[in-house]
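Student: Place chains B, C and D on chain A using the hints.
Protein chains: 4
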Amino acid sequence: MKPLIGVGMVGYAFMGRTHSQAWRNVTAFFDLPVTPSMAVLAGRSRERAAAAAAELGWAAVETDWRELIRRDDVQLVDICTPGDSHAEIAIAALEAGKHVICEKPLANTVAEAEAMAEAASEAAARGVRSMVAFNYRRVPAIALARRFVAEGRLGEIRHVRAQYLQDWIVDPEFPLVWRLRKEQAGSGALGDIGAHIVDAAQFVTGQLLTGVSAITETFVKERPLAEDADGLSGGSRTGGRGEVTVDDAALFIGRFDGGALGSFEATRFATGRKNALRLEVNGSRGSLAFDFEAMNELWFHDETEPDAGFRRILVTEPGHPYMEAWWPPGHGLGYEHTFTHEVRDFLAAVAAGTDPSPSFQDGLRVQRVLAAVERSAANDSRWTPL
Amino acid sequence: MKPLIGVGMVGYAFMGRTHSQAWRNVTAFFDLPVTPSMAVLAGRSRERAAAAAAELGWAAVETDWRELIRRDDVQLVDICTPGDSHAEIAIAALEAGKHVICEKPLANTVAEAEAMAEAASEAAARGVRSMVAFNYRRVPAIALARRFVAEGRLGEIRHVRAQYLQDWIVDPEFPLVWRLRKEQAGSGALGDIGAHIVDAAQFVTGQLLTGVSAITETFVKERPLAEDADGLSGGSRTGGRGEVTVDDAALFIGRFDGGALGSFEATRFATGRKNALRLEVNGSRGSLAFDFEAMNELWFHDETEPDAGFRRILVTEPGHPYMEAWWPPGHGLGYEHTFTHEVRDFLAAVAAGTDPSPSFQDGLRVQRVLAAVERSAANDSRWTPL
Amino acid sequence: MKPLIGVGMVGYAFMGRTHSQAWRNVTAFFDLPVTPSMAVLAGRSRERAAAAAAELGWAAVETDWRELIRRDDVQLVDICTPGDSHAEIAIAALEAGKHVICEKPLANTVAEAEAMAEAASEAAARGVRSMVAFNYRRVPAIALARRFVAEGRLGEIRHVRAQYLQDWIVDPEFPLVWRLRKEQAGSGALGDIGAHIVDAAQFVTGQLLTGVSAITETFVKERPLAEDADGLSGGSRTGGRGEVTVDDAALFIGRFDGGALGSFEATRFATGRKNALRLEVNGSRGSLAFDFEAMNELWFHDETEPDAGFRRILVTEPGHPYMEAWWPPGHGLGYEHTFTHEVRDFLAAVAAGTDPSPSFQDGLRVQRVLAAVERSAANDSRWTPL
Amino acid sequence: MKPLIGVGMVGYAFMGRTHSQAWRNVTAFFDLPVTPSMAVLAGRSRERAAAAAAELGWAAVETDWRELIRRDDVQLVDICTPGDSHAEIAIAALEAGKHVICEKPLANTVAEAEAMAEAASEAAARGVRSMVAFNYRRVPAIALARRFVAEGRLGEIRHVRAQYLQDWIVDPEFPLVWRLRKEQAGSGALGDIGAHIVDAAQFVTGQLLTGVSAITETFVKERPLAEDADGLSGGSRTGGRGEVTVDDAALFIGRFDGGALGSFEATRFATGRKNALRLEVNGSRGSLAFDFEAMNELWFHDETEPDAGFRRILVTEPGHPYMEAWWPPGHGLGYEHTFTHEVRDFLAAVAAGTDPSPSFQDGLRVQRVLAAVERSAANDSRWTPL
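Chain order of the listed sequences is A, B, C and D.
Residue numbering for the first sequence follows numbering that gives the first Met the number 0, beginning at 0 and increasing consecutively.
Residue numbering for the second sequence follows numbering that gives the first Met the number 0, beginning at 0 and increasing consecutively.
Residue numbering for the third sequence follows numbering that gives the first Met the number 0, beginning at 0 and increasing consecutively.
Residue numbering for the fourth sequence follows numbering that gives the first Met the number 0, beginning at 0 and increasing consecutively.
For reference, chain A alone in the conformation it holds in the complex (with noise of 0.2 Å):
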C-alpha cells in the first residue's frame, strides 16, 4: 500500500468542485508513489460545508481553516477561495509544514504575493511545497505547445496573441456577485482570466513580459445587489444596486524578454464566447494556435515543410503530455482534468521532494504584470516596465 497524504482542502464552490473531481479520480489514472485522502473540508457554514463534503466525498468537515491547518490528517493544504484570504491561509499553512496549492491568482496585491513567495521559499527550505493553480497549463495541448516551443520547433519566437474571452456578465442585470467587488476579488477579468493567459503566455514561450501598456474598462458600472452569490451564477436579489469595482476588460500589449511581442486581451463582454482561452504563437519556423472551446486540439503549422499549413492535432496520442493514462486516441478530455493533472503533479513533488511548478514565485510574477496592466491603465497607458 502507498503511503497516504490528507488532502484539507478550504472553500467549495466553483474551485473547490474541480479540486475534488481531481482528488477523487487521480488515483484511477495515474500511478502516483503516494495517495490522497480526501480527508477534511473547511467552509465557514457548517451545514453548507457538510453538504459539500458529501456530495464531493470528503471525510470531514471544519468551520475555520484555521483548525484545517491544526489537523494531525491534514498533510497538504487545498485553497480554493477568494483572492483576498489567499495570503493569510497560505501562508499559516506554510509555517505549519503543510504543502500548499493555491488558486490564482496567487494574491490580490504584489504585497501579499511577494509575502506568499517568501514565506513559500522558506519552507521550500524545509521541504515543504507550494504551487499556485494555474490549471491551464496542464491542458495537455497547452503543455504540447510548450513542448514544441521548447523543442525549437516554431524557431525564435515573433508574436504572441492571447485572449480569453468570456461573456456571463454582458446582461447588465446580471447581480454584483463577489467577482465584481474589488474588495474580494482584487481585480476583474484582469485577475480572474487576464492572469491565466500572461500565465500560459510565458510558459508556452518560455519568456518573460519585460513592459506593458494597457487599457481597462467596466462598461456596466452598477448592477443588482445579490446575496450568497458564489462567483459565476447570481444568488438571490436583495433590492438596490451597488457599483462595479472592477474591470469588465482589460487589453494590453507588451513586450517579452526574448524579443517577442504580444497583445493581450481579457473580457467578460465578448457575447457569444463562453470560455475562449485562446493562444495564438508565430515563430520564425512555425506557429501554434489553441481556443480551450475546443481544448483537445493543438494547431501547428511547421513552415519547414512542403505544403505547409496549420494542422489539427487531436492532442489524444499516447505521446503527448498526460495522455498515456486515459482514453484511446479520439476519446477527447474534459476541462476538469486540468487539475486531475494538477494535482498528479503536485503529488509526484511532493513525493519527490522537488519543487512543483508554476511556484508561488511565478504566481508572484504573473501578479506583477497585472498590477503594471493597471498601472498603465491609470497612467494613460504608459509604458510600464516590468
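The hints are simulated quantities; they were obtained by calculation from the structure and are not laboratory data.
All values derive from a computational prediction rather than experimental measurement.
Wrong hints could be hidden among the right ones.
Copies of one chain are not kept apart here, so a pair can be met inside one copy or by any two copies together.
Stated by the list, open to error - EDC-like mimics (lysine to aspartate or glutamate), calculated; alpha carbons at most 20 Å apart, straight line:
1. 220 to 150
2. 1 to 46
3. 220 to 373
Tutor: For chains B, C and D alone, kept in the frame of chain A given last:
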C-alpha cells in the same frame, strides 16, 4: 441517507474503466434517489482483477461472474465483457433478479439478442430493469440533436449521413486482438462502431431503418498473433500470424420508416480519423451536424431564419441535456461522461421503477440491422428488408 | 502576335456565363500560344442571345447552332446546352473539324455518349480535339489532391467518401425547371452533380469504379409549372403542376479497381448545404479532405509525420496547380476560375496538338456509372458491375 | 448604347492587375449606366507598360502620368502606384477634372492626405468624384457585417478585435523591396495592411477611433538589395544589404467614439497566415467574426435566439451585398471581386453624380490613425488622441 444499490461489474478492460469512472463520480454531480456502491468486480485472473479493483475503486473481487451474480451485496450487474458472453451473463443476472446494464452490441447474433430481449421483458414484469449501453446517446450534443428533431425544428427528415471513422488498425502489423476475431467479437467495425451509428441515427431521427444494401471488406487478411491483448491495444507477440475473421469496414445505404434515406460507413481504416462518430441530418426546415472529435459542439442550421447558416452550439449551457450538473458554459466535458450520464439515467429508472432506454429490445433492433448488413453484403448487396 | 482561335458558344444560361468569363480572362493570367477570340454565341431567341452576347462579350450571334458550326471564324465549339442536345451538336461540330468542349454530363444516355466518344476518337485522328467539362478537376485544391495521390503520399487508397450536397429545391413550391425533367436533363441530382463526384473520385484516386449498389429517391413528386425558367432559378409560373421525372437524390456504394471502397451521395435536399462538393480519401499513409464551400483549402493528413493531424493547406501558393498565374498567397480564387483553368488546359492542348483530358471517353465512363446507378436502384439495389 | 467613360490607370504591378481585372469584367455582371473603356495605361518603361497593357487589356500606353491625365479619352484616373506619388497624381488629376480612384493608404503622410482631401473636396464641388480604394469594404461578408451592425443586430458594440496577419517576409533573405523602404511606402505593415483593418473596423462598427496606444517593431533590420522587385515578390539580387526602414509589425489598442475598445495587430511575421484579415466584433446582442482566408463566410452570433452559437453564413445568397450579380449560392467569389465591386460602386456614383465612399476624407482619417500609432510607439506607447 439515500439507499445504497450494490453494483457488480464483469470485465475491467476499456469499458470497465469507463464504467468505473461513471460509478465513482455520478453522485458528485447528479442528485439521485439511490447511491451506487461499487461492490464487486469480476475477472478471470484474481491477481489482475484485484489490481484493477484497487485502481478503479471496487470493494471486492470475484473470479467467476456467477459468484458475482449470487452475492447479496449486488443488486445491479454491469456487463463489460466481449459480446460472446453477453447473453449468458445477462440472462442469468436477470433471472436472479438483478438489474442489468450491458455493453453494446447487445450480442454477437440475433438469436442471442432475441433471447436477451425476451429475458429482459420477463424480468421487467418482475420489476427488474435492463439497458443496453449505447453511451453516445448520452453525449449532450446528441441528446440535444434528438430534442431538436422531436420538437420539429428540422421538419421532415430527408437524409441521414452517419459515419464512424477510426484508424487504429491501419498498420498491417497491428496484432490479432480479440476485436478482430469473429468468435469473440461477432463482427468487426460493423458491430463495434457501426452499431453506434445505427443506434444514434435511429435515436436522433426517431425513425427505424426498413432495409439496407451493403458492402463489407477486410483489407488486411492476416495479422500477427499476440496474447494478453485487450480490445484496442496489442499485447505481446507470440509469433506466427492468424486470419482476421471480421470486417475492417462496412458501408451501407438504407431507408427509414419515416421516408429518410441513410448513408452509413463504419471503418477502422480512415487514416487520421481517431474517433470520428459523425452524424448529419437534413430535414425540410433545418439540418444538424455532429462529430465526436469535437464532442461539445452541435451544428444546427435553421432554414427558417434570415441569413441562415450552420451554427456551432457549444452544448455546455445549463438548459442543455445533462449540463445543469456540470461546469459553467464553455467548460466542456470529456468522453467518459457519456457513461456518467448513462449510469445516471439507469439509476434514475431503477429507482423510479420505470424501464430505461435503450432497452434490450432496442439493442435487438440494432442487432437485426447488423445482421441485415452482413446478409446483404454476402448476397450481391441486394436490398435486405428489416 | 499570337494566332487567334475563334470560339463559338452554344447556350448562354448559367454555364454560358461561366464559360464566357473564362474565355474573356484566360489570357490575362495565362501565357498561351493561342489567343481565343469570342466570335459568336448561338441561342434560339435572337433578341435574348444578342443581349447575352453584349453583356458577356461575344462579337456575333446565331440562332441556329448549325450556322455557328458552319462559320469560318469558329474553330472551337463550346457546348453549354442541356444534355439532350449534346450528342447532336458535338458530333456535328467534330465532323466539321471543330474542336469541341462539351458541358457535363457528356450526354443523357450511354448510347449517345458512346456515339460521341466514337466521333471524338475519329476526330482526334484528324487532329480535332475534344474535352468534357468536368470543371471541378480544375479546382486547384482538387488538382493538388490528385498530385498527392499520384506521388504516393497517401499510400494505398482504402476509402473514398464523396458527397455533392445542395438544397435549392427543398421548397416544394420551387417550379418544374428543365433540370427536373428527364427528357431534357437525363437525370436529376445524379447526372447534374453526381457526375461531378464520380469524375472527381476517379480523377483524384486514379482508380475506376468497378461496380455499384444504389438507391434513388424523388421526395417531391409534383411541382408548379413555369416557363422561361433556366436551370437553377424559377421562371414565371404558368399555373398547374407537373410531374418531377428525375431523382432528387442518389446514394450509392461501390468498389474501385485499385481496391478502394467508395460511398457516394448526390442530393438537392441537404438543407443548408449550398454547393458542398465534398471528397475525403483515406490511404494507408495519409488522407485528404475537401469541401467546395471552402474551395481554396485542401486538408491533408500525413500519417508518417510525428504529431500528425489534418492540415489546412491554403492552395494559393505559386507551386500549387494553376496558382503561379494568380494573386499572392492567401488571396483566394472563386468558383469561376475552375472554368478559366479548363479553358486554359483545352487551349494549351489544342495548340500543342495533344489530347486534352478529361476526354469524351472519360465522359462515357462516367455516363456508364450513372447508368449503372440507375439500373441498380431500379433492380433492388443489386450489385451492378461496370 | 450606354455612354463610355475612359479610364486611365497609373501603375501595373499587383494593384494594377487587380484593378484591370475589375475594369474588364464589371459590366458582365453589373448593370451600370456607364461603360468603362480601358483607354490607357501609364508606366515609366514603355516596353514593360506595353506588355502589361497587352496582357491586361488596355488600349494605349503612356510613359508619363501627366500625359495620361491630359488625354481626352480619359475621364477617370485610377492610381495604383506606391504611396509616395499618390498626392501629386491625384491632385493633378482632380484639378484637371478627372474622377480619381486612389489606392490605399491615401498617402504617405498626413500632410499629403490633407492636401488630397482638400483637393477632393474642391473637385466634388465641381462634380468631380474621388474615392480611396479600401477594397476590403467590398468583400460581401464585410459589407454584410456592416449591415448587421447598422440594423442593430449586435446591439451596443463593446469590442473590436482586428488583425491583419501575413508572413511573406519571415525569411530574412527576402530582399529589400520598395514596400520595405519608408521613402516609397511610408510605413510597413502599418500602412500596407494596418490601414485596411483600421478602415474595416471603423466601417463595420460605424464608429471612429478616438485614441491609441501602440508598439511597433522591425524584426529583421537589414535585407539583401534587389532591383526590379515589385511590392510583393523579390527581383534580382544586386549584392549588398540595405536597411529596412519600415515596421515589420504594429500592435495597438484603442477606443472608439461609441464606447467600444479595439485591439489591432498588423504583421508580416505571422508564419502560416497568408492573408488573414480578421475582424471580430462583440456587441450587447450579438457578435461577428470574419477571416479573409475564408472570404465567403461571415460568422454571426445572435445572443437573442435560443441555443445560440456562431453560425457560418455563406455570403453567397442573392440577398447578400453584391451577390445578386453572381453565381448560385455556395459558388464563392475570389479576392479580385473586391475590386470589381469597388469599381462598380465608383462608376455608379460617378454616373449618379453622388460622392462615393470611402472618400479621401475617410482616407485622411485612417492616415491620422496611422500617424497616431507611429507617434505613440515613438513616445513610450503613450495614449495618443485623435
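Student: Out of the numbered hints, which ones does the structure contradict?
Tutor: Number 1 - this is the single hint that the structure violates.
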